[in-house]
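Heads up: the sequence lines are chains A and B, in that order.
Residue numbering for the first sequence follows the working numbering, beginning at 1 and increasing consecutively.
Residue numbering for the second sequence follows the working numbering, beginning at 1001 and increasing consecutively.
Calculated from the structure, these hints are not laboratory results.
Hints may be right or wrong, so weigh each one.
[As the list claims (entries may be wrong)] Here are the simulated distance ranges between beta carbons: (1) 163(A) <-> 1492(B): 41 to 51 Å; (2) 202(A) <-> 1355(B): 44 to 54 Å; (3) 159(A) <-> 1463(B): 54 to 64 Å; (4) 35(A) <-> 1355(B): 22 to 32 Å; (5) 1486(B) <-> 155(A): 36 to 46 Å; (6) 1022(B) <-> 159(A): 55 to 65 Å.
[What the hints assert, rightly or not] Dumping the calculated DMTMM-like pairs for lysine to aspartate or glutamate here, alpha-carbon to alpha-carbon at most 25 Å: (7) 84(A) <-> 220(A); (8) 1144(B) <-> 63(A); (9) 1318(B) <-> 81(A); (10) 84(A) <-> 1444(B); (11) 1322(B) <-> 163(A); (12) 1475(B) <-> 1450(B); (13) 40(A) <-> 1387(B).
Note that the Cβ used here is the ideal one computed from N, Cα and C, for glycine as well.
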Amino acid sequence: MRAVHFCEACGKVQPPAPVDYFAFFGLPRKLDLDVAALEKDFYELSRKLHPDLNAQAGTQEQEWSLQQSSLLNDAHRTLKDPIKRTQYLLKLEGVELEEQSKTATEKARSTGEIKKQIVPPELLAEVFDLNMQLEELRMQKKMGEDDPALIEEIGNQKHDLEEKQEALLHELQGRWKVWDGMIQRESNGQPVSDEERRQERDKMVDMLNRRNYIRNLVRDVNEVLES
Amino acid sequence: MATDRIVGIDLGTTNSLVAFMQGESPVVIPGDDGSNLVPSVVALDENDQPVIGNAARKYLTETPERAVYSIKRLMGRGVDDIQEELKFFPFRVAEDLQAGEVLRIKLGDKKLGEKTFTPPEISALILRQLKRNAERFFGAPVSKAVITVPAYFNDAQRQATKDAGRIAGLEVLRLVNEPTAASLAYGLDKKQNGIVAVYDLGGGTFDISILKLHDGIFEVIATNGDTHLGGDDIDNLLITIALDDTLGDLGLDLRHNAEAVQAIRNAVIEAKIALSSQPSVKLDVNLPGGKRYLREITRAQFEQLIQPIIDRTIGPCKQALKDAGLKPEQIDEVVLVGGSTRIPKVRALVKELFHREPHTDLNPDEVVALGAAVQANILGGGSEATENMLLLDVTPLSLGIEVAGGVTDKIILRNSTIPASATQFYTTQLDGQANVAIHVLQGERELAKDCRSLARFDLKGIPPMAAGMARIEVKFLIDANGILHVSAREQRSGKEAEIQVQPSYGLTDEQVEGMILDSFDSAEEDFRQRQVIEARNEADTILAALDKGKKSPAWGHLTTDEKKKIAKMEKALITVKAEDDCQAIRKAIDALNQGTTRLAELMMDSAVSTALKGKTMDEADMGEGPTAPHPMAKAEFE
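Please work from the sequences and hints to get the whole structure.
Right, here's the structure in full:
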């Protein structure tokens, strides 16, 4: 079930197997993960795989140790964070997430094109207002005349958004349970329909997109506030 | 147990050290002058031979164009980014430097000829000195080392350090970040779990690292810093003030008088150090033309002057805490590293930032080298003291690729544990396109032009295909040294794409190879020179002893013939001493030794008979008396 990283008998590092991050840690593709256990495993594997502790080994083993420990670190970093973990799993399931990145935002801003994005419908009015306020503050800052009332107002909005972000994370974690239940049924031999799988995936994609959108908005706000 | 000793080296801006693990504790290896610190100063003597460390310092004041200091500031950088440096440091760069090329600096004077060196070559000379100190100490060769770098050093700066090691004849097993190394020395000492912040303010660089220590694992959580901030900046500020003073008060513009600037520099450094323990100090510098520069500085004035400089450490500290997701209260211990942390105002600032007294038990000058020695021990297989220890460090800067629109697409984020990797897929724009150009950057800014250009890669040898058909998988791997490696494979054909790297401000492998050979040649030459110097020293000792002998009553007891013979041998030794033949000098020394045996005996007898007359050796005013010159004895200077 778990990729073999080192020989149990002699302790020598093995060549890295082309496995996904879950398999690397010998974990099922479930989203609710015991982070403490993951940490413990991470440290134990680090002690076996890290290049520093294999510096006396042969060249081939040292090369494997470099590959293995970078895989270990990448896997640990991804699985430790709830959002990254979810995104990763969806990627394994073949889903491409929406381009909500800063890159697209900047590009849109500079070329004047309308950015490809989905504004969560429940936020439409709020986002419109906030963007107007940010524009106003940007202009004020250019003149050197920041209005403290406006700054406070924007600060409050930001706070609201951050709370929404948190709430979405909790909602997402709720969907994890559904997903994990599905995976469990599968491993028990009960079939799961493609349709059910797709629906669950789509729900999580939607949540991630909404949360990403809010996170980017908060980032934009911070940028203006701190400028 | 490793047969080859691996040493730990702190290649500092101001001072360098070499250390090793002696039993259960790391220990610094002193130089042949008994000093633990080797000043990072390199000079060319009258014979264009390199002089390193304390011996080089006099060249800074006497013939500054033959010497260089703080070379670390130039490692891995190009001519465009050192313009600020050039204002305050007497680096003389070659005139014909191109953008992106490795720097070349000139040493020597126009009259007798200038030599050019790249920063890695200068650093290699310092490393070679440390290597020799270690070899002398062990009585065995040393070829492997762990070398420390500022945590905030970028890829080019790290590569330059590794190159310097290679040029010096050292296999650099690992580059370790300075604050992490310091934490190893601290952790080995304390053996406690907790969260530690390391505040490292050296001669030229500032690092702040936050680590989690648990069960022997030293895990860096976040790191930040400023690679152009340190004690040098404080010195330069004081020098500027002194130069302004002399211009204003004495009407002397000394800004281009290299000797005067160095004299002032020495004085301000002494003053700076004194003010850490005294409330005020007097600057007193002899200027050219017989004038004197006198100025009193109080600690209060000093602190006011340097506040803006040390305040620059606040931003990185706050960012590191933010990246770590920690509040200052959650830090268990703050460890101070670097000579500049001896300044009381710096300690006060640290106390204010972290809401606690910093830990000052460890010697801030030595702790990094000691930590490097611990890491060297771990790499060598470890010992009882280090058997559970493991360093998990991070990359300090985000790694990105330039994409359309001049924007940076970050593929590995800062503070990611290393080794770390990221995979990107590229394709071709045109039918039959055989190359893809990739521009890799380091930094946190959004636009490529605001980030540090790490390298430009050309993926070559892509099999001919229709546009957009090629699927090139490019893997970026940051190794345990924090250095980037790139590999690429075209997936459809399975062909490994050939990668041609143009490292920014760096040396190619061929250039480094060429420099290693040069170093070995001059190593031979250096060795030979050293033999000659040692022989000359011995000759001086025996000649001085002979002079004393001539003034002693014993001289009167020699026959005219004996005196003539001695005079002849003395003259022969003096003649051959001025030449370069070590063998000839030793022969002449032996001859004179033989020739003066009877004189020595007579001097001994006379001493004894004087003593028997009731006087002691001291009272008999015999001076040092005849002694066989010790092979390693230095010449005496009157």
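Okay, the hints, checked on the actual structure:
Between residue 163(A) and residue 1492(B) the beta carbons are some 48 Å apart, a value that agrees with the proposed interval 41 to 51 Å. Look at residue 202(A) against residue 1355(B): about 48 Å separates their beta carbons, and that is inside 44 to 54 Å. Separation of residue 159(A) from residue 1463(B) is about 55 Å and conforms to the stated range, judged on CB atoms against 54 to 64 Å. For residue 35(A) paired with residue 1355(B), a C-beta distance near 29 Å keeps the hint of 22 to 32 Å intact.
Taking 36 to 46 Å as the suggested C-beta distance range, the pair residue 1486(B) and residue 155(A) conforms, at roughly 43 Å. Distance hint check: the CB atoms of residue 1022(B) and residue 159(A) are about 57 Å apart, consistent with the given range 55 to 65 Å. As the CA atoms of residue 84(A) and residue 220(A) are separated by approximately 21 Å, the hinted pair is consistent with the 25 Å bound. Note on residue 1144(B) and residue 63(A): the hinted pairing holds, with a Cα-Cα distance of about 19 Å set against a maximum of 25 Å.
Restraint check for residue 1318(B) and residue 81(A): the C-alpha separation of about 23 Å stays at or below 25 Å, so the hint holds. Among the hinted pairs, residue 84(A) with residue 1444(B) is consistent with the structure: their alpha-carbon atoms are about 20 Å apart, no more than 25 Å. With a C-alpha separation of about 19 Å, the suggested pair residue 1322(B) and residue 163(A) falls inside the 25 Å cut-off, and the hint holds. Proximity of residue 1475(B) to residue 1450(B) is assessed by CA-CA distance (about 24 Å); at most 25 Å being required, the pair is judged to hold.
The straight-line distance between the Cα atoms of residue 40(A) and residue 1387(B) is roughly 18 Å, inside the 25 Å bound, and the hint therefore holds.
Taken one by one, the earlier hints all hold for this structure without exception.
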